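Undergrad: Here is what each chain is made of, one letter per residue.
2 protein chains.
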Amino acid sequence: MSSERLIYLPLGGAGEIGMNAYVYGYGKPGKERLIVVDLGVAFPDMDGSPGVDLILPDIAWLKERRDQIEAVFITHAHEDHIGAVAHTYDMLRAPIYARRFTANIAHRKMSEHGHPEDAVSVVGAYPEQIKAGPFSISFLPISHSIPESSAMVIDTPAGRVIHSGDFKIDTTPGVGEAYDADLWAEVCKDGVKALVCDSTNVFSPAPGRSEATVGPEIEKLVSSAEGMVVATTFASNVARVKTLAVAGDKAGRSIVLLGRAMKRMVEAALETGVMKDFPNVISPEEARAVPRENLMLLVTGSQGERRAASAQLARGKYQGIEMREGDMFLFSSKTIPGNERGVIRIINQFSEKGVDVVDDSSGLYHVSGHANRPDLEVLHDVVKPQVLIPMHGEHRHLREHAKLADAKGIKGVLAVNGMMIDLSGNEPKVAEYIETGRTYLDGSVQIGALDGVVRDRIRMALNGHVTVTVIMDTDDEPLGDPWVDMMGLPETGRSHAPLVDVLEEDLRQWLGRSKAATLRDDTKLHDGLKRVVRQSAQDEIGKKPEVTIVVSRLS
Amino acid sequence: MSSERLIYLPLGGAGEIGMNAYVYGYGKPGKERLIVVDLGVAFPDMDGSPGVDLILPDIAWLKERRDQIEAVFITHAHEDHIGAVAHTYDMLRAPIYARRFTANIAHRKMSEHGHPEDAVSVVGAYPEQIKAGPFSISFLPISHSIPESSAMVIDTPAGRVIHSGDFKIDTTPGVGEAYDADLWAEVCKDGVKALVCDSTNVFSPAPGRSEATVGPEIEKLVSSAEGMVVATTFASNVARVKTLAVAGDKAGRSIVLLGRAMKRMVEAALETGVMKDFPNVISPEEARAVPRENLMLLVTGSQGERRAASAQLARGKYQGIEMREGDMFLFSSKTIPGNERGVIRIINQFSEKGVDVVDDSSGLYHVSGHANRPDLEVLHDVVKPQVLIPMHGEHRHLREHAKLADAKGIKGVLAVNGMMIDLSGNEPKVAEYIETGRTYLDGSVQIGALDGVVRDRIRMALNGHVTVTVIMDTDDEPLGDPWVDMMGLPETGRSHAPLVDVLEEDLRQWLGRSKAATLRDDTKLHDGLKRVVRQSAQDEIGKKPEVTIVVSRLS
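Line by line, the protein sequences are chains A and B.
Quick note, the first sequence lines up with residues 1 to 555 if you use full-length UniProt numbering.
Quick note, the second sequence lines up with residues 1 to 555 if you use full-length UniProt numbering.
Check before you lean on any hint, since a few could be wrong.
One side only, chain A facing chain B, incomplete, derived with CB under 8 angstroms [stated by the list, open to error]:
1) Leu54
2) Ala261
3) Ser351
4) Gly443
5) Val445
6) Ile447
7) Ala449
8) Leu450
9) His465
10) Thr467
11) Leu489
12) Gly542
13) Glu546
14) Thr548
Bear in mind the hints are in silico, worked out from the structure with no lab data behind them.
Given the structure is predicted, the values throughout are model-derived calculations rather than measurements.
Where is the CB? At the ideal position from N, CA and C, for every residue including glycine.
Please model the entire structure based on the sequences and the hints provided.
TA: Structure, rendered in structure tokens:
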């Protein structure tokens, strides 16, 4: 029996939907050769991460083991799988492999960050194989809501592992490859040690619908529309973008693409040949000369993002185009939980303009890109793994998926971020717990989620901020009166006097009462002044602000 | 033809779901005698109103016309209808009328604020009438998700107006009054000038289901549970709370109420006689001696509120009770848009404890309290108004409801907050636009939503905050070096030197370069220092912070 082991370690994506980053290793404990599958991002929100630009997985563990990393593999070009590739490249410097379309997107990201494009190599589909230390890896096509999504077939001395990537079971996906049951059966026929599997839709009980079902409905809708039609979907859902464009084209409308991502994705799909043709597109400038009933706009911003084309059209003009009464806006998308407010905001703005909004509540104009519960079982049944490790889900999804596997007689393993699983023996076991977390890209700086920076911002948002300035003379006596500046606080409170005046007076009195020992001691002085501000504000306005104390001692 | 007119003016609730406040007036233009229907609140969120405690309608218009106000009527005891009653009492000082259960809740609010309870009078149901100036008003029972919800029958010299309040068409509501079609037909038989009508569920195409349908499903679920069962719903949904308690009781479980609102609502319902009986309740202390499989907890926090009982149980112990593997948590509620993140957070926390969470995705354990589209039509058909004015909705709901009315041959009027409608003539028309808005209750202070206070807080949350202190000597020269304090910003950036040091050095250099004319001029000095901080931070960390400049001049 070898002392080498096969490990699985999620650093992101197992405990949340987003920032996917999974590590596989093989070798002697602590000396494993490593590969990384996906390096994605998650998106910040005002509740938990105000001011943050992107959330990356904390890859400190990988960085410390840079010499052990053989390669990085990207399953597909969604931001939660590819988004951190360029941000982490300096730390890892490992070769990156992806299929043609995914690599096209990765190349763009690398060059935006000034990294060499050739760090990302293009790989063909299964049976083409990449050797990476003890691993042999191939990209096994599977259908999803973006072209060339692939599962990873990871061959190791301890057996074959299948990492599903994001997928659905779709035999008519429009653009991109169909799910090929025979191919999957062939790949899995000699036994699979572990299936590491997408869990997103484990709570959706009905079989998923094919991308092909939305085309006819969208065509019906667009052909019956009278004004301008504007539709939004994820730009990376190239099949959907094409379906929308074709529907517009058939209805005699000229197609306009609005939003950078929309143009980039269509371009990438045509460049790489994953999409063979696309209706003729005109520019926003050309569109101004076209009657509105002959226009169909495809725009970014299906999640109500404030800066995207959809939100700008909802607020007013965008690139010279304005929506009006009688126009139609179609969400060919679903709202990701947490984005409801932004989406509802723009729906109401359109309503104020008299624009008719059609969303997915009918279920006709959108299908999910992830396998529903019965479709997960289709994959379980074809792969027949010894072990199923749910990934790509919050804790509730992982737990439910593990239960589903157990119920089918497959050993389900609930592994969250940081839990290193040893897959070598007959029974998978937890080998180690690794410290993991989130890294915030904040402006141009990467900071730890627990550094306290964002916590302080949230506190200022909740409580407002007060600056107190005191000058102490050379005898350690206050020189003049303390000075208060406020931000984010009401001007007056209970007493109806200006809050600044009340605080300054209370501080002045406290300083007057304080003994020399306090006045000489910076810590005591800071603490005392802070306490006065917070208590005095609590009395006046019912709130304890964040406080910065600046004591300047003349010397 | 009289020169008097009948007006309708929404100050809140027409353009959002929340903070309902509707004004009716009759008299000569500008001299109308006024009544107010509902004074509710809305709830803040981190995106738009961080740190705010409650959102109230801006009632400046009413305050200026205090002498014209005859009375305030509260349709039911939901916070979005009753929540501002005590907060606005000092400004209006008008008599308040409500039915027994609603008044019970209002009395509690008034006494918490130190206002006289007898400002709120109890009124019986239709045909009992209150005379208020030119108006005669009665409370017409209608079913909703709280006891004694009522429509207002408002008789005026210009005809009868029906203000629906919140409602559903439910003939078996459990606790509270059933929808009585005959009574409604009787009330409306002589013609109704206008129906001002709830629009919440206008986008729900299927007929609504009765409260009675959830009981059997909940009983089935609870009787099959093996561990402790904990269920949450809105405490004010007394019928549901009772259904849950009865299900627990039937399954041989002792009932525990957790959360202040839960106890208060059950108490109010029993005190006022709207609920005749309720299963025996034990205290959390007593519960500790009961085997967990014999316990059923009814808890507050169906929307994932951080401080409510549900969230505390998700995090750990609450009042000595802790959930464990094998227990069940039931959401007998739906998640209000915008609250998804909080609800999902606690579901995942329960998942980590091994607690099985049952939510409303099956549709079995919750029904809405609002009339769906076909039920709205039931009311349209019984009331047969000349004019329909949608209320209690965002713009999209109001617009859709007005279109629905128009399609049925009823004149639909889309009136949003601040739009005063003259209902006197044969055709309703906009009489005036009133400035309206939101008032924030922030700690103990009421501030205007546009005062800039909350905007500054949001900016600090997004950008962080820097304080710069400079002392100028009596010759208007800097005394020592400028001093920087930061909050909510990373410690280092591009140069890897401490950000504070970089900013201080850049400020020092700028001060050294500045001419006497700048150094003498407070405005120039402030602007210059601020610009340096923002540019320097942008270079270092890719972010422009909010800045407070404190210049102290020795004299």
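Undergrad: All hints are to be evaluated individually against the structure, with a verdict given for each.
TA: Cross-check of the supplied hints:
1. Leu54: At 12 angstroms from the nearest chain B Cβ, A:Leu54 fails the 8 angstroms test, so the hint is violated.
2. Ala261: violated, 21 angstroms
3. Ser351: Where the cut-off is 8 angstroms and the nearest Cβ of chain B is about 4 angstroms from A:Ser351, the hint holds.
4. Gly443: Hint on A:Gly443: holds, closest Cβ of chain B at ~3 angstroms, below 8 angstroms.
5. Val445: holds, 5 angstroms
6. Ile447: holds, 5 angstroms
7. Ala449: violated, 12 angstroms
8. Leu450: With Cβ-Cβ at 13 angstroms, over 8 angstroms, it is violated.
9. His465: holds, 6 angstroms
10. Thr467: Hint on A:Thr467: holds, closest Cβ of chain B at ~5 angstroms, below 8 angstroms.
11. Leu489: holds, 6 angstroms
12. Gly542: holds, 3 angstroms
13. Glu546: holds, 7 angstroms
14. Thr548: At about 5 angstroms, which falls below the 8 angstroms cut-off, the nearest Cβ of chain B leaves the hint on A:Thr548 intact, so it holds.
Checked against the numbered hints given earlier, the structure breaks hints 1, 2, 7 and 8 and satisfies all the rest.
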